[in-house]
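Top to bottom, those sequences are chains A and B. For the first sequence, our numbering gives the first residue as 1, with consecutive numbering after it. For the second sequence, our numbering gives the first residue as 1, with consecutive numbering after it.
I should point out that these hints are in silico values taken from the structure, not numbers from a laboratory. These numbers come from a predicted model, not from an experiment. Heads up, a few of these hints could be off.
To be verified - Derived coverage of chain B by chain A (criterion: at least 3 residues anywhere in the stretch with Cβ under 8 Å from a Cβ of chain A; other residues may be distant): (1) 136-145; (2) 184-193; (3) 221-234; (4) 301-308.
Unchecked claim - If you anchor each label on the Cβ, the simulated ranges turn out as follows: (5) Q304(B) to L288(A): 31 to 41 Å; (6) S289(B) to H123(A): 55 to 65 Å; (7) F27(B) to G73(A): 28 to 38 Å; (8) A171(B) to H198(A): 43 to 53 Å.
For glycine and all other residues, C-beta sits at the position ideal for the given N, C-alpha and C.
Number of protein chains: 2
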Amino acid sequence: MSLGSCPMGGPVLVVGSVALDSVRTPFGEVTNVLGGAASYASVSASFFTPVRMVAVVGEDFPETHVAGFARRGIDLTGLRRATGKTFRWSGYYDYDLNQAHTRSTELNVFETFRPELPEPYRHSPCVFLANIDPMLQLFVLDQVRRPHLVACDTMNYWIANSREKVLEVLARVDIALMNDAEARQLSGEGNLIAAARHILNAGPGAVIVKKGEHGATMFSRDSYFTAPGYPLEEVRDPTGAGDTFAGGLVGYLARCGETDDSAIRRAIICGSVMASFAVENFSLDRLLSLSPEEIAERYHEIRQMTDFGRL
Amino acid sequence: MSLGSCPMGGPVLVVGSVALDSVRTPFGEVTNVLGGAASYASVSASFFTPVRMVAVVGEDFPETHVAGFARRGIDLTGLRRATGKTFRWSGYYDYDLNQAHTRSTELNVFETFRPELPEPYRHSPCVFLANIDPMLQLFVLDQVRRPHLVACDTMNYWIANSREKVLEVLARVDIALMNDAEARQLSGEGNLIAAARHILNAGPGAVIVKKGEHGATMFSRDSYFTAPGYPLEEVRDPTGAGDTFAGGLVGYLARCGETDDSAIRRAIICGSVMASFAVENFSLDRLLSLSPEEIAERYHEIRQMTDFGRL
Numbered sequence: 001m002s003l004g005s006c007p008m009g010g011p012v013l014v015v016g017s018v019a020l021d022s023v024r025t026p027f028g029e030v031t032n033v034l035g036g037a038a039s040y041a042s043v044s045a046s047f048f049t050p051v052r053m054v055a056v057v058g059e060d061f062p063e064t065h066v067a068g069f070a071r072r073g074i075d076l077t078g079l080r081r082a083t084g085k086t087f088r089w090s091g092y093y094d095y096d097l098n099q100a101h102t103r104s105t106e107l108n109v110f111e112t113f114r115p116e117l118p119e120p121y122r123h124s125p126c127v128f129l130a131n132i133d134p135m136l137q138l139f140v141l142d143q144v145r146r147p148h149l150v151a152c153d154t155m156n157y158w159i160a161n162s163r164e165k166v167l168e169v170l171a172r173v174d175i176a177l178m179n180d181a182e183a184r185q186l187s188g189e190g191n192l193i194a195a196a197r198h199i200l201n202a203g204p205g206a207v208i209v210k211k212g213e214h215g216a217t218m219f220s221r222d223s224y225f226t227a228p229g230y231p232l233e234e235v236r237d238p239t240g241a242g243d244t245f246a247g248g249l250v251g252y253l254a255r256c257g258e259t260d261d262s263a264i265r266r267a268i269i270c271g272s273v274m275a276s277f278a279v280e281n282f283s284l285d286r287l288l289s290l291s292p293e294e295i296a297e298r299y300h301e302i303r304q305m306t307d308f309g310r311l
Numbered sequence: 001m002s003l004g005s006c007p008m009g010g011p012v013l014v015v016g017s018v019a020l021d022s023v024r025t026p027f028g029e030v031t032n033v034l035g036g037a038a039s040y041a042s043v044s045a046s047f048f049t050p051v052r053m054v055a056v057v058g059e060d061f062p063e064t065h066v067a068g069f070a071r072r073g074i075d076l077t078g079l080r081r082a083t084g085k086t087f088r089w090s091g092y093y094d095y096d097l098n099q100a101h102t103r104s105t106e107l108n109v110f111e112t113f114r115p116e117l118p119e120p121y122r123h124s125p126c127v128f129l130a131n132i133d134p135m136l137q138l139f140v141l142d143q144v145r146r147p148h149l150v151a152c153d154t155m156n157y158w159i160a161n162s163r164e165k166v167l168e169v170l171a172r173v174d175i176a177l178m179n180d181a182e183a184r185q186l187s188g189e190g191n192l193i194a195a196a197r198h199i200l201n202a203g204p205g206a207v208i209v210k211k212g213e214h215g216a217t218m219f220s221r222d223s224y225f226t227a228p229g230y231p232l233e234e235v236r237d238p239t240g241a242g243d244t245f246a247g248g249l250v251g252y253l254a255r256c257g258e259t260d261d262s263a264i265r266r267a268i269i270c271g272s273v274m275a276s277f278a279v280e281n282f283s284l285d286r287l288l289s290l291s292p293e294e295i296a297e298r299y300h301e302i303r304q305m306t307d308f309g310r311l
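Let the sequences and hints guide you as you build the complete structure.
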């Protein structure tokens, strides 16, 4: 399988939400901290390749967060500051950290978000469409000129309420990301292999099913790859894990300039590594303090913990 | 890590239940078919090394099943036929195939089972103590002379009701097998890494946590290994999967004559392969029709589906 190629070190365009999150887990509580799919994905991808972010924030969005993105070298031409308040999500997790419980969602400036791409962004070789209204994902794709690689995420809300549009997006992407429940919901198949086959028929060259602590599985027409979750003794806040995974995945593919089966496998491990760091602390705290050496070390550790010889 | 060694091709002693099961799953229903932990583990191990079985059946136990064991070359000197009925288990699974629901358990001849070892069995280099009363597991260990490798399984019932005896067993085994819920229950730790560390402190050189469709994870003092579940499109009956896993694991270790970290990793994959076949059909039907080539092929497939390169 080969999905085309990204020019070596080509920038990744990330479109999604930037939010102020209030989160409670069994290990602590934070209020109005940096969150949002585009934040997690962009910072994660920035460890591998240049990133261009398209998102909107309100007048209340702290300058320190903008400065944090800038320190990661993220191109913020596409980060619009609109009149009103930033998108806010409030939720909590009980001991089953795979299950987020939403207390409230305030769309605020995100309600009228139109991801218009600045002219240079229209020539982005790699695109990650984070989980937003599939109408907006299509709107972005209409603006990008012949990208080499497009990956998208989605969620149960859009599958239930905009199913046709989700399928339209899937027909135009190379890699579709979703969690196992969403794969079952979208396909109507209880078995994950059958679900993946169903989704592949909708168009993408690869489907990557995220399974939280159980890792991730990639299905394509001629390959199957399963990556374990990195074993963590302390998961403080799982918010953003999936977006961080996607950012690491797409960032790595853009950096290495290949999208064959072997590159996608390595990219999935990069995504897992990034996600494993993200959940070690609240908000983007751990990601923003990460070093490339730590990433390489954990990648190597996953190689060791999955290695076994011939029969 | 090295847990000692089994002489090359040395026989495995398997002690546990032989049963007549009645099982309903979403994919079918069977009545009074061959079941029991010792049946699954023995047949599974028999693909790798000679097996000696210690178990008891009643007068109603069909000769065809005895003949089936014999065809697999299993030494049945230790299979006692007692007056009364064979142990019977009746249960069902809904769509969550990880969760068995018991309808009834009739211990019958199993109620007074005393696993007395025939003299030659007392010199077995490798021992697998399937899930039975830990008092009986200890009784077996008292009879075996200096085994090279002992592995044991247990279950929630014994952890709740005979905790001290379970810990006594763990202090005398090399490899402890249990599922993730049991590891949490035994250790009182919610996190699996913490749980494994706690259990390792009780004595075994390695703890292998079975996670159903999510595979298995091995923890030792200086190593960590995670094996994926083999992806199956159709799981018809998960009964016996854990026992089949254990049989493949111990059988492989006995056959290769090594119990270092690298051998245990390969053995875990052998266990996964065997379990993946077992669940494809009811009872031991699939195991009894299996060929060594099919085992080697699926082992290779798992190598391919977990393989990824350096960063």
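Hints and how they fare:
1. Interface restraint, the stretch 136-145 of chain B with chain A: violated (0 residues with C-beta to C-beta distance below 8 Å; minimum three).
2. Coverage of the stretch 184-193 of chain B by chain A holds. Counting CB-CB distances below 8 Å, 4 residues qualify, and the rule asks for three or more.
3. With a threshold of 8 Å between beta carbons, the proposed coverage of the stretch 221-234 of chain B by chain A holds, since 9 of its residues qualify and at least three are required.
4. For the stretch 301-308 of chain B, the assignment as covered by chain A holds, since 5 residues bring a beta-carbon within under 8 Å of that chain's beta-carbons and 3 suffice.
5. The hinted window of 31 to 41 Å between Q304(B) and L288(A) holds, with their beta carbons roughly 37 Å apart.
6. The given range of 55 to 65 Å is respected by S289(B) and H123(A), whose C-beta atoms sit roughly 58 Å from each other.
7. Evaluation of the 28 to 38 Å hint for F27(B) and G73(A) yields a failure: the beta carbon distance comes to about 53 Å.
8. For the hinted restraint 43 to 53 Å between A171(B) and H198(A), the CB-CB distance of approximately 50 Å keeps it satisfied.
Figure legend: structure checked against the earlier numbered hints; hints not met, in rising order: 1 and 7.
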